[in-house]
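Enquirer: So the sequences go chain by chain: A and B. For the first sequence, this note's numbering gives the first residue as 1, with consecutive numbering after it. For the second sequence, this note's numbering gives the first residue as 1, with consecutive numbering after it.
Hints were generated in silico from the structure; no laboratory data involved. In this text, a Cβ means the ideal position worked out from N, Cα and C, and glycines have one as well. Please note that the accuracy of each hint is not assured.
As the list claims (entries may be wrong) - Straight-line alpha carbon distances no greater than 27 Å define the calculated DSSO-like cross-link-like pairs of lysine-lysine that follow:
#1 K2(A) <-> K37(A)
#2 K47(A) <-> K11(B)
#3 K24(A) <-> K11(B)
#4 K2(A) <-> K47(A)
#5 K13(B) <-> K47(A)
#6 K74(B) <-> K2(A)
#7 K24(A) <-> K37(A)
#8 K111(B) <-> K11(B)
#9 K11(B) <-> K37(A)
#10 K111(B) <-> K24(A)
#11 K47(A) <-> K24(A)
#12 K2(A) <-> K24(A)
#13 K37(A) <-> K47(A)
#14 K47(A) <-> K111(B)
#15 K13(B) <-> K74(B)
#16 K37(A) <-> K111(B)
#17 K24(A) <-> K74(B)
Stated by the list, open to error - Partial pick of chain B residues on the chain A-facing surface, computed with a CB cut under 7 Å:
#18 D75
#19 F77
#20 Q78
#21 E84
#22 Y136
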Amino acid sequence: MKNRLRVLRAEREWSQADLAQRLKVSRQSVNAIETGKFDPSLPLAFKLARLFGTTIEEIFADEA
Amino acid sequence: MAKQNLGSPAKYKLEDRMLFILMPSFLLAGIAIWLQHLYGDNPTGLLAVVCVLLLSSPFVAVIAISFLYFREEKDEFQVRLHSEAMLGGIGATLLVTTVWGVMEQLHLVPKFQVMWVMGMFGVFFSVALAIQRWRYR
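The shape of chain B in the complex, shown without the other chains (with noise of 0.2 Å):
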């Protein structure tokens, strides 16, 4: 009974597929930078392609998690605001590595890591959560 207002299955087993698809998946990007530093940041062929596949990774299992999670949960009210908070996180992403990649181009600023991008998603969608849970409390 208590169990349910604290959260849906769908919401158990997000976490669990954070812990465990998540979480790999960053350290598989991990390999990938490492991969790279070790070929002087300039791998060619296979070793490219793997680099772009293993740092993709984190991307690729956030929106299949997310999927998942909007196709299991029942709670509509709670998809409405994990959908929200990915639209505010996605866009706020967006915003800064847009205007980052412009100052990019005019040399203003140094070259940006692929691998910020996953981080600084999580950041603003976790604030956009936060604020969202907090509107509706």
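This is chain A alone, in the form it adopts within the complex (with noise of 0.2 Å):
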């Protein structure tokens, strides 16, 4: 699945720590949903999308 993590994280000049810090999860997680090695569950999809302040759709992006 595609997303725009790694642009809305730049926008805030946040790094990956800094994200895995406010998500309450570790770096690495960060890592594996920014390059689509991992697609999040939906609380924590919600969580990201009310984190930027925008919708999961605008983050993510099915590839099919």
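With the hints as a guide, bring both chains together as one complex.
Expert: Printed below as a string of structure tokens:
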């Protein structure tokens, strides 16, 4: 699944560790989501959307 | 703040449980092996039951500790890493013990000490987890 996490994070000048801290997950998790190796669950996706003040669809895009 | 990136509370609990539950269970298994040798490797009756229970304690401990970790870990990606590493560890252990078991039946290799299985799983699990962590570094 494609996502704009890296862009959204860069806009706020947050490191992966900063974002991980805000989400209460490991930095590895953030990296895995950003690189598309791991698709987050709905609760985590909602958390991301709330954190960036946007919608899930604005962050994630289905590749199909 | 920094502590969050080092590990989750569930991970700290996992480490504590490894130290205070898993390690003593190895001691119990060691006692079982000692008891077995003390009775000529052929204990019977209640002693045999005690030996079996003590020998299985590390396996029970690993399952219980992992179950609790999976329930308590809030970081779903870490749960995935650990569950995949456990699968890798279990799979590799099953493969080696099955091959060894068949060879043992054919009298090609010596008898296998059951306690090695736990150590073997520990090594395979650690290697699998290290590979997973490297993949998602």
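Enquirer: None of the hints should be skipped; say for each whether it holds.
Expert: Tested hints:
Restraint check for K2(A) and K37(A): the C-alpha separation of about 10 Å stays at or below 27 Å, so the hint holds. A threshold of 27 Å between alpha carbons decides the hint, and for K47(A) with K11(B) the separation of about 22 Å falls inside it, so the pair holds. A C-alpha spacing of about 13 Å is found between K24(A) and K11(B), which places the hinted pair at or below 27 Å, so the restraint holds. Simply put, K2(A) and K47(A) have alpha-carbon atoms about 17 Å apart, close enough for the 27 Å limit, and the pair holds.
At most 27 Å may separate the alpha-carbon atoms for a hinted pair to count; K13(B) and K47(A) meet this at roughly 25 Å. With a C-alpha separation of about 24 Å, the suggested pair K74(B) and K2(A) falls inside the 27 Å cut-off, and the hint holds. Restraint check for K24(A) and K37(A): satisfied, since their Cα atoms lie roughly 19 Å apart, inside the 27 Å limit. For the proposed pair K111(B) and K11(B), the alpha carbon gap of about 37 Å is over 27 Å, so the pair is violated.
Using a Cα cut-off of 27 Å, the hinted pair K11(B) and K37(A) holds, with the two alpha carbons roughly 22 Å apart. A threshold of 27 Å between alpha carbons decides the hint, and for K111(B) with K24(A) the separation of about 49 Å lies outside it, so the pair is violated. Annotation: proposed proximity of K47(A) to K24(A) holds, straight-line Cα distance about 10 Å (limit 27 Å). A threshold of 27 Å between alpha carbons decides the hint, and for K2(A) with K24(A) the separation of about 22 Å falls inside it, so the pair holds.
Proximity of K37(A) to K47(A) is assessed by CA-CA distance (about 19 Å); at most 27 Å being required, the pair is judged to hold. The straight-line distance between the Cα atoms of K47(A) and K111(B) is roughly 54 Å, outside the 27 Å bound, and the hint therefore fails. Only pairs whose Cα atoms come within 27 Å are accepted, and K13(B) paired with K74(B) is accepted, the gap being roughly 13 Å. With a C-alpha separation of about 43 Å, the suggested pairing of K37(A) with K111(B) is violated against the 27 Å cut-off.
With a C-alpha separation of about 8 Å, the suggested pair K24(A) and K74(B) falls inside the 27 Å cut-off, and the hint holds. The interface hint given for D75(B) is met, as the beta carbon of that residue sits about 5 Å from the closest beta carbon of chain A, less than 7 Å. For F77(B), the interface hint holds, since its Cβ comes within 7 Å of a Cβ in chain A; the closest pair sits about 4 Å apart. The beta carbon of Q78(B) is positioned within 7 Å of a beta carbon in chain A (closest approach about 6 Å), and the interface hint is therefore held.
For E84(B), the shortest C-beta to C-beta distance to chain A is roughly 11 Å, which exceeds 7 Å, and the interface hint is violated. Taking 7 Å as the C-beta contact cut-off toward chain A, the hint placing Y136(B) at the interface holds, the least distance being around 5 Å.
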